[in-house]
Structure formats: structure tokens, C-alpha cells
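Student: Next come the chains, spelled out residue by residue.
There are 2 protein chains.
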Amino acid sequence: MATSVKAILFDTFGTIADWRGSIARMGAQLAQRKRIEGVDWDAFARAWRAGYVPGMARVRSGERPWMALDDIHRERLDEILEEFEIADSFSDAERAEMNLFWHRLDPWPDCLPGLIRLKPDHLIGPLSNGSLVLLSNMAKRAGIPWDFVFSSNLFKAYKPDPEVYLGAITLLGLKPGEVMMTAAHNDDLAAARGHGMRTAYINRPYEYGIDQSADFEASEDWDIVTDSVTGLADALHKK
Amino acid sequence: MATSVKAILFDTFGTIADWRGSIARMGAQLAQRKRIEGVDWDAFARAWRAGYVPGMARVRSGERPWMALDDIHRERLDEILEEFEIADSFSDAERAEMNLFWHRLDPWPDCLPGLIRLKPDHLIGPLSNGSLVLLSNMAKRAGIPWDFVFSSNLFKAYKPDPEVYLGAITLLGLKPGEVMMTAAHNDDLAAARGHGMRTAYINRPYEYGIDQSADFEASEDWDIVTDSVTGLADALHKK
Chain R
-6 MATSVKAILF DTFGTIADWR GSIARMGAQL AQRKRIEGVD WDAFARAWRA
44 GYVPGMARVR SGERPWMALD DIHRERLDEI LEEFEIADSF SDAERAEMNL
94 FWHRLDPWPD CLPGLIRLKP DHLIGPLSNG SLVLLSNMAK RAGIPWDFVF
144 SSNLFKAYKP DPEVYLGAIT LLGLKPGEVM MTAAHNDDLA AARGHGMRTA
194 YINRPYEYGI DQSADFEASE DWDIVTDSVT GLADALHKK
Chain L
-6 MATSVKAILF DTFGTIADWR GSIARMGAQL AQRKRIEGVD WDAFARAWRA
44 GYVPGMARVR SGERPWMALD DIHRERLDEI LEEFEIADSF SDAERAEMNL
94 FWHRLDPWPD CLPGLIRLKP DHLIGPLSNG SLVLLSNMAK RAGIPWDFVF
144 SSNLFKAYKP DPEVYLGAIT LLGLKPGEVM MTAAHNDDLA AARGHGMRTA
194 YINRPYEYGI DQSADFEASE DWDIVTDSVT GLADALHKK
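Protein chains in written order, with my numbering: chain R, -6 to 232; chain L, -6 to 232.
Quick caveat, the hints were computed from the structure, so don't treat them as lab data. Among the hints, a few may not be true.
The list cannot tell twin chains apart, which means a pair is met if one copy fits it or any two copies do.
[Said to hold, decoys possible] In silico DSS-like links for lysine-lysine, alpha-carbon gap of 30 Å or less:
hint, residue 1, residue 2
1, Lys133, Lys(-1)
2, Lys149, Lys27
3, Lys27, Lys(-1)
4, Lys(-1), Lys149
5, Lys133, Lys27
6, Lys149, Lys112
7, Lys27, Lys231
8, Lys133, Lys149
9, Lys133, Lys112
10, Lys149, Lys231
Here chain R stands alone, though its shape is the one from the complex (with noise of 0.2 Å):
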């Protein structure tokens, strides 16, 4: 499978970048920097991103035009600082700069060392929800070794709506075959497997921590069943 795998497209969120230990942590610093105690910041991380799937689906479904995942987290941040009972202490500016904290997530341990792997053989890029300004600040911050950026608002779509698959596809120039998606997140490769990509499920257990209620395995006999990015590199390089 190697040789005829050329791309290796990457959900970033959860399957890259540990969204929920980066935001507790930048939450926590910024706690300190400003005297805000008693804040579960870990439980913070996990109400911004409970306003991920809900504030895309307005969008999918038509209800509400296009708007860029960083517009989506900013409403959701209003919310959850109210839920906290912080928001007197966030002025427009600094939850301007909050916000910022999605372009400065880690990724997970296993992933430069893999991508730097992979990319001498495939064209590596994501195939994110993110906006593409989002997707390449975390990846200079970090120092991801990207070729391209696929981001939503290239396609004007969010996953799994098939514009978002198909587009890649068509950019790459590629037969879907010789894409493959990488994700830690059964449904985004059943949708690109009905477009007939290469799939590898890369397991994620504690992406959600005590809120996680699903993607504990593989749900169906993807391609490439691995645990990291590494992993992936050693299952490629052995096909």
C-alpha cells in the first residue's frame, strides 16, 4: 500500500493536536496571569469544544450561512465564560486573544516524530475543520512539517459533508485511492471511505477525557488500525 498511497490527509483536532491538555494549560497560565482562581479549566476545555459539533451542524444543516470555525469557537467562549462565572473579568480584546488559544495547540507526543517520517515519501497535509489561518499558526508554533493546508474554509464545508472530501481530492489532482485519511474519529473515515479513500484510525482514548463516550477502537477494519502517528509511519513503510 505504500507505493500507491501518495497523499496522507489528517484530522488535526483530537488526531493531531491534544485540544483539551492545551487548552487547560493555556486556561491555567492565563488564571494565574490574572488572579482567577478556582476554575476547573480542564472541564472549561471540554464546554468550548462541547460547542463544536452543535455550532457546525447550524451551518451544515443551512440554518445559519457560513461562518469560520474561529467565529463558532468565539460565540461558544461568550457562552462558557458566563457558564463559569468569569465573563466580568474578559474584556472584548482578551477574549479576542483567548480565542487565539486554538491556533496554539500541541501536538501530541507521537506526531512530529511521525510526519517527519512520512513526508519524504507522501504529500502530508491536514484535512481539518479548521480555518486555514487557525491550521497554519499551530503548525508553525509547532513546528508540524505540513506540504499544504486543507482547511474548511477552503471548501466552505465542514466534515464529514462530502464537499470537503471530494474537494481535497480534486486538488490533490489524485485518485480518491490514492488518498488516505488519517483520523482518530470512526465517522470522519466512514465518510471518506464512501468516497473511496485509503482510511487509517489512529486511537485517541483520552482526546475527551472523562467526557470521551466514543472512538474507544476501531468500528470497522479501516486500513491501517494504529495508535499514533509513528505507528503509522511502521504500518506504511512495512505495506
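Keeping the supplied structure of chain R fixed, place chain L upon it in accordance with the hints.
Tutor: Positioned in the frame of chain R, the structure of chain L alone reads:
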């Protein structure tokens, strides 16, 4: 200006890549392997490139439906193999391989040093008439550290059509004045300035060799006028 320019976009053919020298070198190497003699490969490179503007013009005018630059390159290759009387020496598969010369162009020697200096403080990417895969392959081979890749097939339009510049600005989510267009071609910068972008001219008087008939100097008071990407880094970090 350094602080207000958030993203720097680069024309690629001529500005970043020495297409003439690269194609001539690859052609000469191929000729040696195939024992083809008597071809002026610098002239071959210039003849190949001479199909670029007319090929895009037919797409830009609507005379032909959208086609990627790789396909324009391939049509022109078939023509010039005839012109240079070496068509019989190349099979269809060999022509397809030869067309990938454009994916393996070398950057001018100042590009990597300059881009490495610009990257920490700016988002950097090509804004090129090349295809996404062409630009990604070129960068991967040469080690060009783009943060993202903006290609003509992303917008299904060729510079200097407005869709390309406006599409890039929208994808970045920035104001036009926060985005700088860098090119060795005055017409590219004139279009960019027309949309409110900042402009940097890099003088490349040897781009076309003996065919060069324009772009020996800046034709307007571009925001920066220099002769290298390192010069661009100097100018931006001074302002």
C-alpha cells in the same frame, strides 16, 4: 510596516524558482541519458515557458474551460518536442515524466535564507499559477518552508485575475493591507495593489535570459523594491 504585514505571498515562477536554469539542467541530463545531442536546452526551457501566458489566456478568456497548469505545460511540451525535432524520442509515459520537471524547479539561492528569516514573524506561502501538487512537490524537494500553499486550482483562476488575490485575502481572513504580494513581475504587483495589498518587487533580470523583454526594474513605487528574498527580510525587519 513589519508589524502590520501579517502574511507574505510569493509569486513562484521566476520570483522563487529559477525555472529556466532548472528546466535547462534537467533537459540536458535527460538528453545525456537518452543520448540525444544538439538540443539547446536553454532555448527549450524558454520555448516551453513561452506557452504559459497564451495557454492561460485561453482559459482566462473563457475560450477553454478550466484546466490546470500541468495540462497547459503538457500541451506545450508536445508542441515543442515537435519544434525541436525530438518528438520521436519520447513516449507518452516519458512526456508525463518530463512534465514533472516543473515540480522539481530549484529556488534562487537567496530564497531559503530569506524565507527562513521571514517565517517566524509572518505567515508565508506561494500565490502562484502553479497547481497545488506542483507547488507542494517543489517545496518538499527544495525544503521551502511554506506555511500553506495557494495555487491557481484552489481558485480555478489565473493571475492577474481578481479571484486569485481576493480569494487569498478572504482565506487568510486578513485585511488587504495586512497581506503583501511579492513578485518579480510588475503586472502581478499592479493587480495586487489594485486590491489594496502591500507590494514587494524582487528584481530578477535574468529570469528569461536572452528572451527577457520586461521587468528589468520596478515600474512603480512598490512598498519594497529589492533584488532578493533576503533583501525583503532586511527591508521588512528594518521598517
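Student: Run every hint past the structure and note whether it holds.
Tutor: Here's how the hints hold up against the structure:
1. Lys133 with Lys(-1): Answer is both; intra-copy 24 Å and inter-copy 13 Å each pass.
2. Lys149 with Lys27: For Lys149 and Lys27, neither the intra-copy (37 Å) nor the inter-copy (48 Å) Cα distance is at most 30 Å.
3. Lys27 with Lys(-1): between (48 Å within a copy, 28 Å between copies)
4. Lys(-1) with Lys149: Answer is both; intra-copy 25 Å and inter-copy 23 Å each pass.
5. Lys133 with Lys27: Only inside one copy: Lys133 and Lys27 sit 27 Å apart there, 43 Å across copies, limit 30 Å.
6. Lys149 with Lys112: Classified as both: same-chain Cα gap 27 Å, cross-chain 27 Å, threshold 30 Å.
7. Lys27 with Lys231: neither (51 Å within a copy, 34 Å between copies)
8. Lys133 with Lys149: both (23 Å within a copy, 27 Å between copies)
9. Lys133 with Lys112: both (16 Å within a copy, 8 Å between copies)
10. Lys149 with Lys231: So Lys149 and Lys231 fail the 30 Å test inside a copy (37 Å) and across (38 Å) alike.
Hint violations for this structure: numbers 2, 7 and 10, all remaining hints satisfied.
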